[in-house]
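A.B. asks: Below, each chain spelled out in residue letters.
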Amino acid sequence: MYQKKKVLVIDDDEDINKYLETKFKLNNYDIRCTDNTESFLKELVTFKPNLILVDLNLNGKNGFGYKIIETVRKKMGPELIIIIMSRRNNHEDIIKGLEDGANDYITKPLDEVILFSKIKLFLGQEINPEEELAFYSVPKGDNDFEFHVPLKVKRISETGMTLFSSALMAKETLIILEGALANIISPQGAVKFVVKDVTIDKRQNGFLIEIEFDPDEHSAVIRNVRKLLLKVAPMTEEDLHKL
Amino acid sequence: MATSKSKSILIVDDDPDLRVFFRKLLENMGHEVFEATNTTDAANLVEKVVPHLILLDINLDEEKGFVLLEKLKQLDPYQRIKVIMVSASTAKKDIANSKAYGVHGYLVKPVTNNQLVTLMKKLQAQLNFPNYIIPEGQENLHVKAKCFGQMSKVNELSFKFVSKIKFNLPHKLECSSSFFVKHNIKHAQFTIFFPSVSITPGLYETRVQFIGLSDKDMVAIRKVKTKKA
Amino acid sequence: MAIKIEIDVDLQDIVPGFLENRSKDLVELHRAVDESDLKTIEKIGHKVAGSSGGYGFDELGKMAKELELKAMDGKFEECVELINKIETHLKNVEVVFVEME
Chain Z
1 MYQKKKVLVI DDDEDINKYL ETKFKLNNYD IRCTDNTESF LKELVTFKPN
51 LILVDLNLNG KNGFGYKIIE TVRKKMGPEL IIIIMSRRNN HEDIIKGLED
101 GANDYITKPL DEVILFSKIK LFLGQEINPE EELAFYSVPK GDNDFEFHVP
151 LKVKRISETG MTLFSSALMA KETLIILEGA LANIISPQGA VKFVVKDVTI
201 DKRQNGFLIE IEFDPDEHSA VIRNVRKLLL KVAPMTEEDL HKL
Chain D
1 MATSKSKSIL IVDDDPDLRV FFRKLLENMG HEVFEATNTT DAANLVEKVV
51 PHLILLDINL DEEKGFVLLE KLKQLDPYQR IKVIMVSAST AKKDIANSKA
101 YGVHGYLVKP VTNNQLVTLM KKLQAQLNFP NYIIPEGQEN LHVKAKCFGQ
151 MSKVNELSFK FVSKIKFNLP HKLECSSSFF VKHNIKHAQF TIFFPSVSIT
201 PGLYETRVQF IGLSDKDMVA IRKVKTKKA
Chain H
1 MAIKIEIDVD LQDIVPGFLE NRSKDLVELH RAVDESDLKT IEKIGHKVAG
51 SSGGYGFDEL GKMAKELELK AMDGKFEECV ELINKIETHL KNVEVVFVEM
101 E
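Residue numbers (our numbering), protein chains in the order written: chain Z, 1 to 243; chain D, 1 to 229; chain H, 1 to 101.
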């Protein structure tokens with residue numbers, strides 16, 4: 001049987017609450033709105049919502065919403081989706097809200113399209129492509145993009161390394177290794193590599209990325225790797241069996 | 001040009017002619033050579049360059065070569081560095097002492113070209129340090145890969161970028177772009193919710209949601225109306 | 001009366017340096033003789049015995065080894081004789097570089 005997703009709102013503005021109640025009902029959600037902390041906390045336990053909308057400035061008290069976010073996150077754990085609503089726009093407020101445990105932030109006055117796009121996204125509901133906001137091309141001059149993929153080191157030797165990644169890195173991808181290990185093996189704290197080989201690691205649900213040291217380009221790195229390997233105890237019988 | 005066969009070798013001998021001789025032959029074989037005339041300098045070099053192999057003269061000017069072997073107990077507790085003793089002496093005591101320390105060979109002076117070449121051929125395979133394999137659950141050496149791509153599309157809630165990386169699991173993405181700087185949205189968090197989609201083999205499009213944008217930020221993005229993607 | 005010695009061509013660059021050091025050794029050996037310093041003679045003999053063979057100067061190496069032993073035994077006169085022999089050898093030696101297996 002199809003279960004409606006449950007949404008709980010806390011906002012001291014009656015008009016907002018009426019608006020949200022209407023819109024959510026129309027979109028087939030099970031919705032409850034409260035305007036005070038006491039009834040909110042009660043409903044949290046009895047209604048058991050999937051998602052809550054929290055006004056940041058309840059009762060005119062600036063930032064009172066933060067306390068609620070913190071308390072709720074601690075009490076309900078990571079599964080509950082918390083979205084903050086606020087008239088305020090500044091970045092510090094937003095960052096603080098996210099740090100206190102909110103999943104996202106939406107500014108008032110509420111935009112219906114944006115509101116429901118976010119709700120559906122966080123609740124894992126299917127989004128109708130026609131309902132999606134139109135995409136625009138990113139201008140060529142600004143479209144450069146750098147990102148970091150966290151990796152686990154599985155093997156280090158004088159010839160190269162094996163790294164575990166949950167994301168697939170195609171062969172010949174250019175990467176720059178950074179982080180604690182890179183600081184150890186390279187004076188610059190960053191080493192450029194080209195992915196040599198990739199294999200699937202079914203057991204750990206990811207991929208094993210192989211990179212090779214070039215004796216010329218990475219001569220300092222190879223030396224620093226030896227410094228590291230010098231102090232590593234040999235594998236015991238037990239370790240070997242585990243492999 | 002170094003190859004993976006090139007090893008790092010430290011010569012410890014107080015005779016300059018012997019050091020020149022060994023250096024010449026070893027460099028001809030493609031190896032990297034370091035020299036020391038005493039065990040103090042030798043120990044410092046061991047720490048600095050971590051050679052694969054040490055050619056150690058027993059009778060140095062002011063001390064016996066064995067002093068270095070004592071120092072190596074601390075510097076190289078797992079005996080990764082191979083040591084070959086070199087000496088004019090065939091004295092039983094010297095040979096016995098060398099054995100006791102667990103060195104990997106003994107060369108008697110005068111050493112010829114052939115003897116050195118034969119020795120290096122024999123040792124070559126054993127000189128590389130063993131692999132360090134990190135057991136599962138103990139991966140505490142942190143590293144991240146900085147990767148490159150291109151942003152392709154954007155709307156007020158998300159953007160798409162193209163790269164050689166295919167994401168499978170949802171996760172928070174550490175990323176940067178001139179686009180973010182230009183539109184003052186660097187403060188946003190970026191989260192991947194959906195697996196990347198393959199465009200061509202080896203090239204993937206990944207969708208990233210903006211988290212924590214104010215409506216002012218969204219207005220700035222809306223202004224990027226060069227053309228509908 | 002030249003003494004021809006065949007030496008590995010790989011060592012071409014370093015033989016001149018070796019021979020120069022031997023000239024310096026001779027200066028020291030002469031001084032040691034003047035001062036009756038057997039210890040220095042023994043030391044130089046030991047050193048040259050250890051390196052000569054590698055460079056291809058086998059004869060020189062043998063003489064140096066003998067010099068070391070005689071000095072150890074305190075046989076001063078025989079040392080002086082050997083030093084002269086070594087000096088003559090080095091004056092007359094002619095090096096030919098050849099490809100060696």
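Please keep in mind that the hints were generated in silico from the structure rather than gathered at the bench. It cannot be assumed that every hint is accurate.
Keeping only pairs whose Cα atoms sit at most 25 Å apart, straight-line, the calculated DMTMM-like set for lysine to aspartate or glutamate is [claimed, not checked]: (1) D:Lys172 <-> Z:Asp12; (2) H:Lys65 <-> H:Asp25; (3) Z:Lys67 <-> Z:Asp12; (4) D:Lys48 <-> Z:Glu172; (5) Z:Lys196 <-> D:Glu136; (6) D:Lys121 <-> H:Asp25; (7) D:Lys164 <-> Z:Glu14; (8) Z:Lys61 <-> D:Glu136; (9) D:Lys82 <-> D:Glu62; (10) H:Lys24 <-> H:Glu59; (11) D:Lys5 <-> Z:Glu210; (12) D:Lys166 <-> Z:Asp12; (13) D:Lys153 <-> Z:Glu126; (14) H:Lys62 <-> H:Asp34; (15) Z:Lys192 <-> D:Glu139; (16) D:Lys172 <-> Z:Asp214.
Stretch by stretch, here's where chain D covers chain H in the computed footprint (C-beta under 8 Å, at least three residues) [as the list claims (entries may be wrong)]: (17) 13 to 22; (18) 27 to 39.
The structure presented is a predicted model; accordingly, all values stated were derived computationally and were not measured. C-beta atoms are modelled at their ideal positions from N, C-alpha and C, and glycine is treated no differently.
A.B. asks: None of the hints should be skipped; say for each whether it holds.
C.D. replies: Comparing the hints with the structure gives:
1. The hinted pair formed by Lys172 of chain D and Asp12 of chain Z fails the criterion: a straight-line CA distance of about 32 Å is larger than 25 Å.
2. With a C-alpha separation of about 14 Å, the suggested pairing of Lys65 of chain H with Asp25 of chain H holds against the 25 Å cut-off.
3. Taking the CA atoms of Lys67 of chain Z and Asp12 of chain Z, the gap is about 15 Å. The hint holds against a cut of 25 Å.
4. Between Lys48 of chain D and Glu172 of chain Z, the direct Cα distance comes to roughly 33 Å. Violation of the 25 Å bound is thereby established for this hinted pair.
5. In summary, the hint linking Lys196 of chain Z to Glu136 of chain D is supported, as the alpha carbons are separated by about 23 Å, within the 25 Å threshold.
6. Pair hint Lys121 of chain D plus Asp25 of chain H does not hold up; C-alpha atoms about 34 Å apart against a cutoff of 25 Å.
7. At most 25 Å may separate the alpha-carbon atoms for a hinted pair to count; Lys164 of chain D and Glu14 of chain Z exceed this at roughly 50 Å.
8. Among the hinted pairs, Lys61 of chain Z with Glu136 of chain D is inconsistent with the structure: their alpha-carbon atoms are about 50 Å apart, more than 25 Å.
9. Between Lys82 of chain D and Glu62 of chain D, the direct Cα distance comes to roughly 23 Å. Compliance with the 25 Å bound is thereby established for this hinted pair.
10. A C-alpha spacing of about 19 Å is found between Lys24 of chain H and Glu59 of chain H, which places the hinted pair at or below 25 Å, so the restraint holds.
11. A C-alpha spacing of about 20 Å is found between Lys5 of chain D and Glu210 of chain Z, which places the hinted pair at or below 25 Å, so the restraint holds.
12. This hinted pair does not check out: Lys166 of chain D and Asp12 of chain Z have alpha carbons roughly 44 Å apart, beyond 25 Å.
13. At roughly 21 Å between alpha-carbon atoms, Lys153 of chain D and Glu126 of chain Z fall within 25 Å of each other, so this suggested pair holds.
14. At roughly 24 Å between alpha-carbon atoms, Lys62 of chain H and Asp34 of chain H fall within 25 Å of each other, so this suggested pair holds.
15. Restraint check: the Cα-Cα separation between Lys192 of chain Z and Glu139 of chain D comes to about 22 Å, which is no more than 25 Å; the hinted pair holds.
16. Between the alpha carbons of Lys172 of chain D and Asp214 of chain Z the distance comes to roughly 32 Å, so the proposed pair goes past 25 Å and is violated.
17. Counting residues of the region 13 to 22 of chain H whose C-beta sits closer than 8 Å to any C-beta of chain D gives 5, which meets the bar of three, so the coverage hint holds.
18. Using a Cβ-Cβ cut-off of 8 Å, 0 residues of the region 27 to 39 of chain H lie near chain D, which falls short of the minimum of three, so the contact claim is violated.
Checked against the numbered hints given earlier, the structure breaks hints 1, 4, 6, 7, 8, 12, 16 and 18 and satisfies all the rest.
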